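Respectively, the protein sequence lines represent chains L, H, V, R and F.
Numbers 1 to 377, taken from the working numbering, label the letters of the first sequence in order.
Numbers 378 to 754, taken from the working numbering, label the letters of the second sequence in order.
Numbers 755 to 1131, taken from the working numbering, label the letters of the third sequence in order.
Numbers 1132 to 1508, taken from the working numbering, label the letters of the fourth sequence in order.
Numbers 1509 to 1885, taken from the working numbering, label the letters of the fifth sequence in order.
Derived by calculation from the structure, the hints in this document are not laboratory data.
Do not take every clue at face value.
Now the in silico label distances, taken between C-beta atoms and shown as ranges [claimed, not checked]:
# : chain 1 : residue 1 : chain 2 : residue 2 : range
1 : H       : K604      : V       : I1122     : 21 to 31 Å
2 : F       : K1823     : R       : K1157     : 47 to 57 Å
3 : F       : D1561     : R       : K1290     : 45 to 55 Å
4 : L       : L246      : F       : E1532     : 49 to 59 Å
5 : V       : R1017     : R       : E1427     : 51 to 61 Å
6 : F       : E1682     : R       : Q1225     : 52 to 62 Å
7 : F       : I1877     : V       : K1126     : 45 to 55 Å
Residues from chain R that face chain F, not an exhaustive set, calculated with beta carbons under 7 Å [as the list claims (entries may be wrong)]:
#  : residue
8  : S1431
9  : V1435
10 : V1439
11 : Q1443
This structure is a prediction, so every number in the text was calculated from the model and none was measured.
We treat Cβ as the ideally placed atom computed from N, Cα and C, and that holds for glycine.
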Amino acid sequence: MVLGKSKYMQVVNPVYAGDIPASEMKLSYINYNSDSAETKDVSSIDEVIKLKDDSKMLWINVSGLKDIESIKRLGESLEIHPLTIEDILQTEQQAKMEIFDKYRFLLVKTIMQKKNTFCHLSLGKKKFFLPFGKDRRFTNMNINTDELVITQIGIVIMKNILLTFQELSRGAFEGIRKKIMENTGEIRRMESDYLAYLIIDKIVGEYFDSINHLEEHIENLEERATKTSDDTYIEEIQETKKYLLLVKKAILPLKENLLLISRQESFFQTGEIKPFLQDLIENLDHAVMQVEHYREWLSSVMEVNLSVLSYQLNKVMKVLAMISAIFIPLSFIAGIYGMNFQNMPELSTSFGYFIVLGIMFLVATVMIIFFKVRRWF
Amino acid sequence: MVLGKSKYMQVVNPVYAGDIPASEMKLSYINYNSDSAETKDVSSIDEVIKLKDDSKMLWINVSGLKDIESIKRLGESLEIHPLTIEDILQTEQQAKMEIFDKYRFLLVKTIMQKKNTFCHLSLGKKKFFLPFGKDRRFTNMNINTDELVITQIGIVIMKNILLTFQELSRGAFEGIRKKIMENTGEIRRMESDYLAYLIIDKIVGEYFDSINHLEEHIENLEERATKTSDDTYIEEIQETKKYLLLVKKAILPLKENLLLISRQESFFQTGEIKPFLQDLIENLDHAVMQVEHYREWLSSVMEVNLSVLSYQLNKVMKVLAMISAIFIPLSFIAGIYGMNFQNMPELSTSFGYFIVLGIMFLVATVMIIFFKVRRWF
Amino acid sequence: MVLGKSKYMQVVNPVYAGDIPASEMKLSYINYNSDSAETKDVSSIDEVIKLKDDSKMLWINVSGLKDIESIKRLGESLEIHPLTIEDILQTEQQAKMEIFDKYRFLLVKTIMQKKNTFCHLSLGKKKFFLPFGKDRRFTNMNINTDELVITQIGIVIMKNILLTFQELSRGAFEGIRKKIMENTGEIRRMESDYLAYLIIDKIVGEYFDSINHLEEHIENLEERATKTSDDTYIEEIQETKKYLLLVKKAILPLKENLLLISRQESFFQTGEIKPFLQDLIENLDHAVMQVEHYREWLSSVMEVNLSVLSYQLNKVMKVLAMISAIFIPLSFIAGIYGMNFQNMPELSTSFGYFIVLGIMFLVATVMIIFFKVRRWF
Amino acid sequence: MVLGKSKYMQVVNPVYAGDIPASEMKLSYINYNSDSAETKDVSSIDEVIKLKDDSKMLWINVSGLKDIESIKRLGESLEIHPLTIEDILQTEQQAKMEIFDKYRFLLVKTIMQKKNTFCHLSLGKKKFFLPFGKDRRFTNMNINTDELVITQIGIVIMKNILLTFQELSRGAFEGIRKKIMENTGEIRRMESDYLAYLIIDKIVGEYFDSINHLEEHIENLEERATKTSDDTYIEEIQETKKYLLLVKKAILPLKENLLLISRQESFFQTGEIKPFLQDLIENLDHAVMQVEHYREWLSSVMEVNLSVLSYQLNKVMKVLAMISAIFIPLSFIAGIYGMNFQNMPELSTSFGYFIVLGIMFLVATVMIIFFKVRRWF
Amino acid sequence: MVLGKSKYMQVVNPVYAGDIPASEMKLSYINYNSDSAETKDVSSIDEVIKLKDDSKMLWINVSGLKDIESIKRLGESLEIHPLTIEDILQTEQQAKMEIFDKYRFLLVKTIMQKKNTFCHLSLGKKKFFLPFGKDRRFTNMNINTDELVITQIGIVIMKNILLTFQELSRGAFEGIRKKIMENTGEIRRMESDYLAYLIIDKIVGEYFDSINHLEEHIENLEERATKTSDDTYIEEIQETKKYLLLVKKAILPLKENLLLISRQESFFQTGEIKPFLQDLIENLDHAVMQVEHYREWLSSVMEVNLSVLSYQLNKVMKVLAMISAIFIPLSFIAGIYGMNFQNMPELSTSFGYFIVLGIMFLVATVMIIFFKVRRWF
């Protein structure tokens, strides 16, 4: 999230995956039982469909949802309801959970960090504010920034088959795949429920990663609170707050769905999953509280900034008021001898002018000394 | 709640149903047992009364309480106490719960969203403030707005009969009716208690809908907090706070009544309902806490707005003070040479005037540079 | 608590009963067992004393503690310790609880609302501030106001006899008396403990009534927070806060005494009372928390008021500063041509004066336009 | 803590006992078993030492630690470690707890209120601020004030002997002594543990007394918050906060020591003490929370005071700014006719001067009316 | 942390050990079983390696990680994974915990106080701010200051061997070594797990020491809050806040690691350690909450400071505004008689000038009296 070493180069760009040009769709599967496991990247949906009646566990992963026709065909061949397919393809939805006769369906939002170099500003999105500290003039250039991207993952859990539909192609589940291939832990002996749990656990882990990233950002904001007088500082804080709200809205529905699942019992076939679920729910709860805490933290940081700024402004005002307070009495003295009375004895003395200048000088000096003694500046 | 796409067009209009011209009264019933179910919209109360001694479950729904005579006749024929009927007809009451020998009575407030196009402002209600962001000049036109309406529902639970008296005709219970007709779940086998529970559950669901609607509104307010300087902004916040209080006052008595019910045991005949009730109470508790949280949130949003506004005001003051601080010393110099001393050597020099003008220019320039260097503007 | 319909006419007057001219003392008793019940208002203490060895339950109620002699005689005849009688008669005490051999003694503070028309201000109590919104000039007139009066009740619990000593004559226990006479519920079969519990329960109910009354008052204060600039507003808030403290101090000792009682076991003879006590304590706890919450609420309301007032003040300051900022440069121009240099070519031109006036007009106009464009006013 | 009746005469003087001239040392003992009890004030340590091998319980109380030699001799004869004696004599320590083979040792801080008339200010302690509201000029006089004094008590618990070493002679344990002599409750049958418990319980009771005293003080401060503009008010609050910190630091270590004791089991010989200890710990916990709550309360009181003061200051500023805003335009008009242009037609009219005076009067009047209409003053 | 007695000389310098010139590496071991114990400081790693197959418990302590070659050789001979050795040597890491087949590895951050006299500022580290209250000019001199140093300790737990790798040579574990040598408590009979626990417990104790140190510092800051107007005060607070964040980040990962350990069960071989661990986790939790509390405390202290400063600034502004408000009307009067009207009757009177001077004096006096009466200064 830090761009270069400059203090002001913090970048937090929540980008909805939908805004990013869709990457190629990638298809892959893992086919395994307790004895063997096979993984393959395939180019056509048909290679996968023919494996569906196999007695082995089959995990099909679809990354990038570009080839809508293939996905629909896959859905049909596995008897997935067209509405579910539509939910998977439409990426502007809230997390949801549905139980069908033949399968159970989970829609989850992920928050991931992504390095990218294309320039999203040149696309003309003017409504989205970019919280660059200072160097706004560079925002139209191609810069190398870490981005927090909110994407969507659809999970369809059948008896022997698990399908994951990822909006963006990413290596997030590589670790789970490796675990299966290398037969680490219990995974090969477990059913599709456990695999689904592992995937959700992975996603929750990513939530915490982005929350921690944000913590650093907030610490940086706090540090600047008493020093900065950037006009964009307040906007940066507001932007971060808004982003935290987005994160919360990605996390909260998942938590509620998992809570419902853990109560219903009918979602997962085996009870073994339950303690894992409980753990996940606790973690998500913790994450939500963390986000709430950050929002309050930011509020207090903003208050500190405004207080410090106000105080500094008032110090400037004091100096300006002092200038006025010194010259107004002097002007008054000048004003006296600017009066046109015929009988003003001082006016005709030969040193009157110089004496009055002296008096003015004296008054100014006395006032300055007085202010100095009182430590007013 | 969002009117068009304009950022400032947030509308939250708590309208008491009593203020809306009463719609026609609609009468309908469902007559069912585990084997069959029949539903009918009827025009006369007599069609319903003759069904009362049937052994089937009978749910009578009265929407719109216009035909007072019919309602009283219905009450008499079912041996409902006249005071209960009065409670049902009078819509300015708090939620209540009463146990009679032959029936139990619940009065519940609902909060619902309603699209309407008539213009409530043209009715001359001046006391009620309309929190339109900016375009107050349009408030006298017929506008299409989402409204949050607080209405009242009376529920009379007898052994085989359940009566619902809705202040406004609305489709809220359509889902339950459908469930009965299509025999989904256990509903046809359950008694009137369970039906009552389902209705209350539906109402609680609506509470959450309106609370979520308000959350969006508050988020919008928060976003504007550091930018707006509308005079109506503070009023909008106060109005939303007041509205939250109304929502809380609709929810709280229901919670307390349900709590009393869950303790008394005698309200519902079967113990089966208890865990459902417990769940409802927890949800209502959660809703009340949410509302409290929103009120605090709004307070902090208002504080931020006032702080930002004050800071901006002070920045203006600084510029004004700078203007004074620059011209007051200059005036002083002019004042010196406006004195009428006879012996002022500078006055008689031929370039004195221009030199003094030059000095004035110099002083002003030095001060501006000084302010600039100090980053005072 | 609302006086008329004016928004500013909120009146909360905590009045200690001791300040009110003592009303006549009223004596009454109820004599009952499970079979029969008899109630009578008597004029002389002797009528009561002769009933004391009856086997029936005897509840003696003394309202208004004027006839000290009679009370002392009553105490003597029932073997009540003189110190207890003194506690009863002295009304400036904290709630207390004492266990004697023959009886147990509870001193409780009540908070009740009382309509009265006499004018307490004409009594010359200058120290007690009256939080009238605006119309302080009326405070010396006879006004019809709701008052919250803090009084004291002494309860002496013997085996078959219960004595209540009320500082003020009031109808508070009428409901309990009716219950006994009409033999509703279990009351006639229960011992004096249960009667004592019912009385305390009634008092706790009154606490909640006054707390709810205060809630309305605070809501009204909150509503005015962003609008009012009354000097008395802050005082009203402080007064309400002080009043809340009084309420808390009436409630807290009772709670602690009940807690002690519920632990000691020896206070009430039967264990049956315990769950009722537990309930009472929870309610009192809730009431105390409510009062604390109201105090914090008022603090935040006051802060909002002060912030809004400050902001409005600053807006006035801005206009004043603008007037100065416009005229000071103009004065400077006038000052230049007020200088007495001999060689000032402009002075001798025939239109110089009018040109300078024009320049002044121009400068003022430019500044006003500048301020307007910058939206400074 | 209230000095006289004046509102501003609140005095809270935390005085460390070490600062007070040591009083005479007083020695006394009680010698008792379940049958008999004997108490005596003795002048020499030897009278006590000879009782040490008695089978009766022996409680030796040493008040005022002046005669160091005697105390050391007492320690030696009872085989108390010299380090323990040193801990007892040195009064600037934190509460501590130590277990030795032959005895257990507790060092406790007490907070007591003490009426005294000597003037501690005349001793020349300039560093300690006296939070007198207003009448600082009287602080050098002998005034009769309540003081909160922090002293130290060392408790040595042996099998049959209990020693208490009080820094200051005070009547705090008179009640316990009386209980023993009059054989009230179980005390004579219990061992030294129970006696130690009673002493600690007494000390904890004193903590609550001083906390309640402080509560009154804080209430008084809160009441003054919106009215006072004393410069010392903020200092009073800071002083009270500091004092609360002292109280907390006296209480906290005792709580932690008791917690350790209640876990270790080996400190007290009998398990009977445990529930009493648990109660004490809860009470101390409550006291610490109370103190924390008071500190936060004071912070919010200070904020209110500063907000109100700022607002009042700003109102003064507004009036001053108004004076400037009225006279600056007038000066400008005068300035115009002070210009020296040769062709200024108005100057030669005979009523020009008076017309200009009239215009000035008009301008001033219009401005004042404008300010008045706008309710600016 | 206090430097001398001056109030402003608070020093909190979080220094990462990595910044301090590495001290000599020291090697020592203790070799013990329940019968005997032997401790020795050795100069070469080989002396230690030959003890590894001994059946006794062996604790090897490496202080100062300078001789990388020896450490690597030690690792190899004990079959420690090279990555673990790298973790030990690299001191910029977070706390971690890893389980290997032959050993378990813990990396812990310690916070210790260290007296030192060298001047770290002369090393040219300009980025790190030194929160000296006032006397910044001395920071380049060699001063004797207490420092809080964050170092790292690696702990490798094998069956019979425990290795500790300390970044800095320090006497922290001297107490544990002594306990072993003197055979106090159960330590000699316990396994390496227990020894590891004792070491972590020691480190946690040090955390609390530094937290308590910080508390004093914060109390000092709070005391100065209403008095100081140092520009560095705010920076000191920010610096302390930042430091608290560092402390929290040292503590939090250890807590999470211990939590993981206490759940996994496989980390420690014996279950006996569990209750100890639970205690440690509670303590760490308490420490984290304490740190959070301190951060909030500092925020409120800063707010108080800013409020007080603002108020004092405004008081200065008021005096300045008064000076202007007095002289501007006087200037106006002078301005009137500076007008050049031909017909100004006052000008030709002989005492006009002195009367006007008198009027000016009068106006000034009246204004001053008015301000004084209103208590404006």
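Cross-check of the supplied hints:
no., hint, verdict
1, H/K604 - V/I1122: 21 to 31 Å, "26 Å, holds"
2, F/K1823 - R/K1157: 47 to 57 Å, "54 Å, holds"
3, F/D1561 - R/K1290: 45 to 55 Å, "52 Å, holds"
4, L/L246 - F/E1532: 49 to 59 Å, "54 Å, holds"
5, V/R1017 - R/E1427: 51 to 61 Å, "30 Å, violated"
6, F/E1682 - R/Q1225: 52 to 62 Å, "24 Å, violated"
7, F/I1877 - V/K1126: 45 to 55 Å, "41 Å, violated"
8, S1431, "9 Å, violated"
9, V1435, "11 Å, violated"
10, V1439, "10 Å, violated"
11, Q1443, "10 Å, violated"
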